[in-house]
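Here is what each chain is made of, one letter per residue.
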Amino acid sequence: MTRKRALSPHARALLAALLGAHGRWSYGYELASLTGIKSGTLYPLLIRLEAQGHLEAEWQQPAASGRPPRHAYRLTAAGERLARGEASLSASDRPAAGWRAGEAAS
Amino acid sequence: VNAARRLIASRLLAAASHLLPPDLARWYRAMAREVAEIPDDGAAASFAAGCLRVVLAVAVAARVRAVRAAVRDLLVPVPPSPWSPPMTTGITARPRLLGLLCGALAVGMGMAYMLAAGAPPRYLIVNLAALILGGALWLALARTADTPPAKAGLASLALAAALLLTALSGLALEGASRWVSVGPLNVQVSLIAVPLMLVLYARRPDAVGTAAIVAAAAALALQPDRAMAGVLAAGLVALVAAQPARLALIAAAASALAFVSTLLTPDTLPAVPFVDRILYTAFDVHLLAGVAVLTGAAALVAPAVIGVASGADERPALFAFAACWSAVIAAAALGNSPTPLVGYGGSAVLGYLLSVALLPGGARASRRGGAPAARSDAGHGTGHPVSKLQAARPI
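Chains A and B, in that order, are what the protein sequence lines are. For the first sequence, position 101 matches number 1193 in the numbering used here, and the numbering has no gaps at all. For the second sequence, position 238 matches number 582 in the numbering used here, and the numbering has no gaps at all.
Hint data in this document are derived by calculation from the structure and do not stem from the laboratory. The structure presented is a predicted model; accordingly, all values stated were derived computationally and were not measured. A virtual CB, placed ideally from N, CA and C, is assigned to each residue, including glycine. Please note: incorrect hints may appear among the correct ones.
Stated by the list, open to error - Sample of chain A residues facing chain B (criterion: CB under 7 Å; computed from the structure):
hint: 1; residue: S1118
hint: 2; residue: G1120
hint: 3; residue: Y1121
hint: 4; residue: T1127
hint: 5; residue: K1130
hint: 6; residue: G1132
hint: 7; residue: Y1135
hint: 8; residue: P1136
hint: 9; residue: R1176
Working from the sequences, and respecting the hints, build out all of it.
Right, here's the structure in full:
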């Protein structure tokens, strides 16, 4: 049985980037650039997200002719639900964190 | 410098990709394609180095899981799944060895019965001597275990000739000529020859063997020996059912004709104490004596039945063997025919142990096919769960 555990900041950032793509396919290097996640962390996340059914991956032909296909990713419906849930959790956390930061600053 | 770093990292990544489990190989291709798309050499080198770390970590983790699974399988063997072929390594799939043990059990049960029934000590000694002689012959015929005997047809011809000679010049009693004198013993040749011929023919059903069977059927009709003619027919019908073939059909038809011929001749032989009809009389002696007789009779067919159920090699030979000895038991139940092994008589003991000695050994399958299959299963057990384990891990 999968243990319920809080997602890592990298996983949350990746989900947010994929959610922000609004169903468009994204490439690995593009996601790494968007999120600032190193490839050594990005690919294990992608592999696990796909294995858990949150991510779909397929080989896509680039627009430029003669180039070999690239592996592209986008969220599944389950992945979108997970990403939205994480986004709302982060949003509800933010005021508290800000209040504490403000309190500490005052 | 960055171009060189990019090249080295890409080459190392490509080399390390061979360590990945097959179900994750596409992830290497995905990484390599991304590296190729990055215009800046420095960024590409860093990206490739990160990918190399992923590939190595995944490869090591997969191997650790494989070793752990192998150790677990070794310590706690996984039971075979319902659709997997039966195990072929145990004694149950070695009819030849199992037959020797069952033969010894049946003789032991028979001796227990004879002791309880008050049979002369000479009877017990004859059965024990036949068991020892049969065991020695079983050892001598070890070479037949792996492959069907090369000269099975010639051996069958010799046995058929012995049956014919017995019919023509053997000891006669009440119009039946079935025995030859060997020292102080009268040996019933058909009880030795017919089981041997059935197993030999089932393992190598060639033209010479078919001719031998036809000759043997004629000899049994001449003697006449209704019980053993029926045994020969039963064994061949079982063989044809297990492995239909033109020659086997001819042999079965000839033996059926011989059996019908013996049915037309009245069998006037009287029942002999401690030999015939003991399936009925054993319970009159003692309950345990009756149980011993039934246990001994059941043991005779056990090697073939268990061997077939366990997936032993050369099933047609096992079918013929089972039909043969079932028919001998049925004949003993239906008429004044010797009760095999359990009753007095070295002929049946020798016939049984010799026919057992000619059965397939059964270990061939485990040596040649069983081990690779087991390795293959282990591979499945360790390879596929990689993605499942990844799916179970938190992101």
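Results of checking the hints against the structure:
no.	hint	result
1	S1118	violated (11 Å)
2	G1120	holds (4 Å)
3	Y1121	holds (5 Å)
4	T1127	violated (13 Å)
5	K1130	holds (5 Å)
6	G1132	holds (3 Å)
7	Y1135	holds (5 Å)
8	P1136	holds (6 Å)
9	R1176	violated (15 Å)
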